[in-house]
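Undergrad: Sequences are here, hints too, so could you generate the full structure?
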Amino acid sequence: MSRAINMVLAAALSIAMPAFGQGTAPMTPDQAIAAASAANSHEVSGVFEFTVGSTGASGFNAYLNSAADYHDAANLSAELHADVVNKLHAKLGGFPQDLLKGKRVRIKGVARRVPITKRDGTQYFQTRIDVDTIDQIEVLG
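In the working numbering, the protein residues as written are 1 to 141.
Simulated from the structure, these hints should not be mistaken for laboratory data. Incorrect hints may appear among the rest.
[Said to hold, decoys possible] Within a straight-line C-alpha distance of at most 20 Å, the following computed SDA-like cross-link-like pairs (lysine to any residue) qualify:
id, residue 1, residue 2
1, LYS108, GLU138
2, LYS91, LYS101
3, LYS118, ASP69
4, LYS108, PRO26
5, LYS101, ALA67
TA: Set out below in structure tokens:
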């Protein structure tokens, strides 16, 4: 009897658990920036969705930005770490920073307000999502 109950519970849980991107609606860049700014920790967990407005690379990392100018206060950046860049390169047939501009992406993770110091010594905040694993990012088209 208990084995049958365990099987039913396992089946129910597998049906009830939302797949990546399901459940609550993904946050827009404006919503993510506002939520991270309002949080005491300056971070918010969730699923974020945006059209890539610009891209960049530094070292082995790549950046996907929601705005044309990554300095823009309304920009949400996704920092793709080296392992993700390499796996996306294999999957897409090219580097993500070369192929994803103009594409819509969905990213699961934590958006954090990160202080950035400019060369002139002034500082601004960038809201950034660290993408450490390929299962955090989905290219929607």
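Undergrad: Look at each hint and say if it fits the structure.
TA: Structure-based check of all given hints:
Straight-line distance between C-alpha atoms of LYS108 and GLU138 comes to about 9 Å, which keeps the hinted pair within the 20 Å bound. For the proposed pair LYS91 and LYS101, the alpha carbon gap of about 16 Å is at most 20 Å, so the pair holds. Under the criterion of a C-alpha separation no larger than 20 Å, the hint pairing LYS118 with ASP69 is consistent with the structure, at around 14 Å. For the proposed pair LYS108 and PRO26, the alpha carbon gap of about 9 Å is at most 20 Å, so the pair holds.
A C-alpha spacing of about 10 Å is found between LYS101 and ALA67, which places the hinted pair at or below 20 Å, so the restraint holds.
Hint compliance for this structure: no hint is broken.
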